[in-house]
Amino acid sequence: MSKRFLYVNRKAPYGTIYALESLEVVLIGAAFEQDVSLAFLDDGVFQLTRGQQTDELGVKNFSPTYKALGDYDVNKIYVERESLEARGLTLDDLLPLTYEDEDDDWAEKDSIKLVSAAELAEIMEAQDVVLSF
Amino acid sequence: MSKRFLYVNRKAPYGTIYALESLEVVLIGAAFEQDVSLAFLDDGVFQLTRGQQTDELGVKNFSPTYKALGDYDVNKIYVERESLEARGLTLDDLLPLTYEDEDDDWAEKDSIKLVSAAELAEIMEAQDVVLSF
Amino acid sequence: MKFSILVSEGPYTHEAADTAYNFTKAALEKGHEIFRIFFYHDGVNNGTRLATPPQDDRNIVNRWSTLAQEHDIDLVLCVAAAQRRGIADADEARRNGKDADNMAPGFRISGLGQLIEAGIEADRLITFGD
Amino acid sequence: MKFSILVSEGPYTHEAADTAYNFTKAALEKGHEIFRIFFYHDGVNNGTRLATPPQDDRNIVNRWSTLAQEHDIDLVLCVAAAQRRGIADADEARRNGKDADNMAPGFRISGLGQLIEAGIEADRLITFGD
Amino acid sequence: MLHTVNKSPLDRTTLESCIQHAMKGSAVLLIEDGVYGAMQGTQKSPLVESAMKEVSFYVIGPDLKARGIDAGRVIDGISVIDYNGFVDLVAEYDKSQSWL
Amino acid sequence: MLHTVNKSPLDRTTLESCIQHAMKGSAVLLIEDGVYGAMQGTQKSPLVESAMKEVSFYVIGPDLKARGIDAGRVIDGISVIDYNGFVDLVAEYDKSQSWL
Chain A
0 MSKRFLYVNR
10 KAPYGTIYAL
20 ESLEVVLIGA
30 AFEQDVSLAF
40 LDDGVFQLTR
50 GQQTDELGVK
60 NFSPTYKALG
70 DYDVNKIYVE
80 RESLEARGLT
90 LDDLLPLTYE
100 DEDDDWAEKD
110 SIKLVSAAEL
120 AEIMEAQDVV
130 LSF
Chain B
0 MSKRFLYVNR
10 KAPYGTIYAL
20 ESLEVVLIGA
30 AFEQDVSLAF
40 LDDGVFQLTR
50 GQQTDELGVK
60 NFSPTYKALG
70 DYDVNKIYVE
80 RESLEARGLT
90 LDDLLPLTYE
100 DEDDDWAEKD
110 SIKLVSAAEL
120 AEIMEAQDVV
130 LSF
Chain C
0 MKFSILVSEG
10 PYTHEAADTA
20 YNFTKAALEK
30 GHEIFRIFFY
40 HDGVNNGTRL
50 ATPPQDDRNI
60 VNRWSTLAQE
70 HDIDLVLCVA
80 AAQRRGIADA
90 DEARRNGKDA
100 DNMAPGFRIS
110 GLGQLIEAGI
120 EADRLITFGD
Chain D
0 MKFSILVSEG
10 PYTHEAADTA
20 YNFTKAALEK
30 GHEIFRIFFY
40 HDGVNNGTRL
50 ATPPQDDRNI
60 VNRWSTLAQE
70 HDIDLVLCVA
80 AAQRRGIADA
90 DEARRNGKDA
100 DNMAPGFRIS
110 GLGQLIEAGI
120 EADRLITFGD
Chain E
0 MLHTVNKSPL
10 DRTTLESCIQ
20 HAMKGSAVLL
30 IEDGVYGAMQ
40 GTQKSPLVES
50 AMKEVSFYVI
60 GPDLKARGID
70 AGRVIDGISV
80 IDYNGFVDLV
90 AEYDKSQSWL
Chain F
0 MLHTVNKSPL
10 DRTTLESCIQ
20 HAMKGSAVLL
30 IEDGVYGAMQ
40 GTQKSPLVES
50 AMKEVSFYVI
60 GPDLKARGID
70 AGRVIDGISV
80 IDYNGFVDLV
90 AEYDKSQSWL
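Chains as they are written, first to last, in numbering that gives the first Met the number 0: chain A, 0 to 132; chain B, 0 to 132; chain C, 0 to 129; chain D, 0 to 129; chain E, 0 to 99; chain F, 0 to 99.
Don't read these hints as lab results, they were simulated from the structure. Worth double-checking, as some hints may not be accurate.
Which chain C residues face chain D? A few, computed with CB under 10 Å, are given here [unchecked claim]:
1. Glu-8
2. Tyr-11
3. Arg-48
4. Ala-81
5. Arg-84
6. Glu-91
7. Lys-97
8. Asp-129
Derived DSS-like pairs (lysine-lysine); straight-line CA-CA distance at most 30 Å [what the hints assert, rightly or not]:
9. C:Lys-29 x A:Lys-2
10. A:Lys-59 x D:Lys-29
11. E:Lys-43 x E:Lys-23
12. A:Lys-2 x A:Lys-75
13. D:Lys-29 x D:Lys-1
14. E:Lys-43 x A:Lys-75
15. B:Lys-75 x B:Lys-59
16. C:Lys-97 x B:Lys-59
17. A:Lys-66 x A:Lys-108
18. F:Lys-94 x B:Lys-75
19. F:Lys-43 x F:Lys-94
20. A:Lys-75 x A:Lys-59
21. A:Lys-108 x A:Lys-75
22. C:Lys-97 x D:Lys-97
23. F:Lys-23 x A:Lys-112
24. E:Lys-23 x C:Lys-1
25. D:Lys-29 x C:Lys-24
26. B:Lys-59 x D:Lys-29
27. C:Lys-1 x A:Lys-75
28. C:Lys-97 x A:Lys-2
29. B:Lys-112 x F:Lys-94
30. F:Lys-43 x F:Lys-23
31. D:Lys-1 x F:Lys-43
No residue lacks a Cβ here, since even glycine has one placed at the ideal position from N, Cα and C.
Throw the hints in and build the complete structure from the sequences for me.
Laid out in structure tokens, this is it:
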């Protein structure tokens, strides 16, 4: 019996290591055949912004890895609307994350679902294991 | 020529180590014959609350050390009024910190000065070195 | 009931290691089972034997080692997090060409899969962090 | 101008160590003098030679060691903070009865007085922390 | 679900975010610096007082005592518990989420 | 005085406290996660925009770029600088205070 795992991301990238090390857990966890979802809220939505360029900072740019999540069958990525709005962002500011749906002739679909805080609360409540970073 | 050193304390005690390790710097710094002031604002005012009892937590109670500051000639301790008020606290909730004034026949005087945010800004501006924790 | 615990911060700097310890002790006293304690992020710094805290303070590393010994608890340091931060057992040190190791007794180093397994196998997973 | 720098967080976990490094490099390139870099709180974790970060990432500890060697910079780890967190040179390890040490080249361990002195002697003291 | 909050609501938005996502019938446990959220008469007390209509609040006694917060200053209706109570809460609710 | 802020104003009260204590003629430099305070159109932009009448604001370009914040989204009047500019600011002002 598989469990429902939710990874909750509430912190901005680069200022601290939590975003990067959370992603490492998700990638390893993908091999365990559990039901996996990711939630991005509060400053966590900044993890998914397009156009990250880290050369001048001298640190590793790990944002391309989010685009690989679809290949790992991690395609339930919930982004909270209220968090985006408070930061002056829209979905267009975020990386386009997609996956190929094997139940629909491998059609390319969006992994990101924009949800309200109330909807996200329901999603959190529906999990078996919640890991927060 | 002595420099004016200000130690700025903005974090609550016990949740993180900054309050304790800041105090260790102040005690060592007291031996250097500089002009020393301490500022407590934001959650830093919680460092000075009376009645701290850490037995059940299993950590060291370092709040008695603040009372020793007067003996180290550290007696300019600024507490911000707005920070206290936002936390529902008054001076009566804080440790009574005193020193003996050698210029006034060793009379016992209060080390804590309650100041407004505007006054604290002036005090910060009047320093040579500001160390923040 | 079977608990797994995730500790995400190092000793002393954040209270997380204290809360995790107090929680674990209470759980054991109430007869619960601790499936595993997994140390991630700066949490791996709980597993160094080179710490010498002041004598009038608690010794967080030794507390974990003692708990592991007395209750046969599985204390796992994440290998990737440990490598970044310089925590190594003898094997890891050799593999990485280091001339010394620093892991404390009672801990072992393993992969992140052990955290996922901890979430799958236990009835509850609880996280202590910053 | 003469700068002193205080680094209050460990490598990787917070950006402070990166900002401090980038600032130091820029200051040196502009011809300023670095009187001392003092590592306090978790900042002492910048000084372990046992770290093995991923090959595609920066090596924060080695960067400091190289900087110290090339520009003769005084990198000081606070002894009290280092003892709490398990960073030791050979002398400290012997004094504390430890069987190993882990300090990286280019660093030295000393007291908090070195931080106060850094504040007194330099024209500017700037802090990088969490 | 059991939510834990370990940050001061005067310093961070964590408690506010937690409350916004805590559904009716769930519990919020204030630990570490989160216990400042249990105090009466602070700028953030109304946040908790209004959330208590739908959510049960708990606070760790040893964390309150360490910080010198007398039990009499805790908002009415918040239960002060020890680590045994913490363990019981984790067992009682089917899962926990730490708001870090 | 040069003030530095390294925390997101959406997560912490740090920037607000800094601004409250920055006197006329001083400078605030946004670094690390503090650079989110330089963005237009966020819930906290008005805080910075109104403080700019008395205080000069700067932001670290490499930190903006790492986070994918285009220079066009920075509040008008905030100067984008690199680490050389950071060094110059520290030299220019007689002291610095880090709001951690």
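Evaluated hints:
Nearest Cβ of chain D to the Cβ of Glu-8 (chain C): about 9 Å, under the 10 Å cut. The hint holds. For the restraint placing Tyr-11 (chain C) at the interface with chain D, the shortest Cβ-Cβ distance is roughly 5 Å, inside the 10 Å limit, so the hint holds. Here the hint on Arg-48 (chain C) is kept, as its CB sits about 7 Å from the closest CB of chain D, short of 10 Å. A distance limit of 10 Å between C-beta atoms decides the matter here; for Ala-81 (chain C) the minimum to chain D is near 9 Å, and the interface restraint holds.
The restraint placing Arg-84 (chain C) at the interface with chain D holds, with a minimum CB-CB distance near 6 Å, inside the 10 Å limit. Satisfaction of the interface hint for Glu-91 (chain C) is found here, the shortest Cβ-Cβ separation to chain D being roughly 8 Å, below the 10 Å cut-off. The beta carbon of Lys-97 (chain C) comes within 5 Å of a beta carbon in chain D, closer than 10 Å, and the hint placing it at the interface holds. Given the 10 Å rule on beta carbons, the hint for Asp-129 (chain C) holds: about 9 Å separates it from the nearest Cβ of chain D.
For the hint linking Lys-29 (chain C) to Lys-2 (chain A), the alpha-carbon distance of about 26 Å falls within 30 Å, and the restraint holds. Between Lys-59 (chain A) and Lys-29 (chain D) the CA atoms are separated by roughly 26 Å; this keeps the pair inside 30 Å, and the hint holds. A hinted pair counts as satisfied when its Cα atoms are at most 30 Å apart, and Lys-43 (chain E) with Lys-23 (chain E) qualifies at roughly 20 Å. Distance hint between Lys-2 (chain A) and Lys-75 (chain A) is fulfilled; the C-alpha atoms sit about 15 Å from each other, no more than 30 Å.
Of the pairs offered as hints, the one joining Lys-29 (chain D) and Lys-1 (chain D) holds, with about 12 Å between alpha carbons and a cut-off of 30 Å not exceeded. For the suggested pair Lys-43 (chain E) and Lys-75 (chain A), the alpha carbons sit about 34 Å apart, so the restraint of at most 30 Å is broken. For the given pair, Lys-75 (chain B) sits about 25 Å from Lys-59 (chain B) by alpha-carbon distance, which is consistent with the 30 Å threshold. Distance hint between Lys-97 (chain C) and Lys-59 (chain B) is unfulfilled; the C-alpha atoms sit about 35 Å from each other, more than 30 Å.
Simply put, Lys-66 (chain A) and Lys-108 (chain A) have alpha-carbon atoms about 13 Å apart, close enough for the 30 Å limit, and the pair holds. Note on Lys-94 (chain F) and Lys-75 (chain B): the hinted pairing holds, with a Cα-Cα distance of about 20 Å set against a maximum of 30 Å. A hinted pair counts as satisfied when its Cα atoms are at most 30 Å apart, and Lys-43 (chain F) with Lys-94 (chain F) qualifies at roughly 27 Å. With a C-alpha separation of about 25 Å, the suggested pairing of Lys-75 (chain A) with Lys-59 (chain A) holds against the 30 Å cut-off.
About 11 Å separates the Cα atoms of Lys-108 (chain A) and Lys-75 (chain A), which keeps this hinted pair within 30 Å; it holds. Only pairs whose Cα atoms come within 30 Å are accepted, and Lys-97 (chain C) paired with Lys-97 (chain D) is accepted, the gap being roughly 17 Å. In summary, the hint linking Lys-23 (chain F) to Lys-112 (chain A) is not supported, as the alpha carbons are separated by about 45 Å, beyond the 30 Å threshold. Restraint check for Lys-23 (chain E) and Lys-1 (chain C): the C-alpha separation of about 26 Å stays at or below 30 Å, so the hint holds.
Between Lys-29 (chain D) and Lys-24 (chain C) the alpha-carbon distance is near 55 Å, which puts this suggested pair outside the 30 Å criterion. Pair hint Lys-59 (chain B) plus Lys-29 (chain D) does not hold up; C-alpha atoms about 45 Å apart against a cutoff of 30 Å. Note on Lys-1 (chain C) and Lys-75 (chain A): the hinted pairing holds, with a Cα-Cα distance of about 28 Å set against a maximum of 30 Å. At roughly 39 Å between alpha-carbon atoms, Lys-97 (chain C) and Lys-2 (chain A) are farther apart than 30 Å, so this suggested pair is violated.
Annotation: proposed proximity of Lys-112 (chain B) to Lys-94 (chain F) holds, straight-line Cα distance about 24 Å (limit 30 Å). Restraint check for Lys-43 (chain F) and Lys-23 (chain F): the C-alpha separation of about 20 Å stays at or below 30 Å, so the hint holds. Taking the CA atoms of Lys-1 (chain D) and Lys-43 (chain F), the gap is about 36 Å. The hint is violated against a cut of 30 Å.
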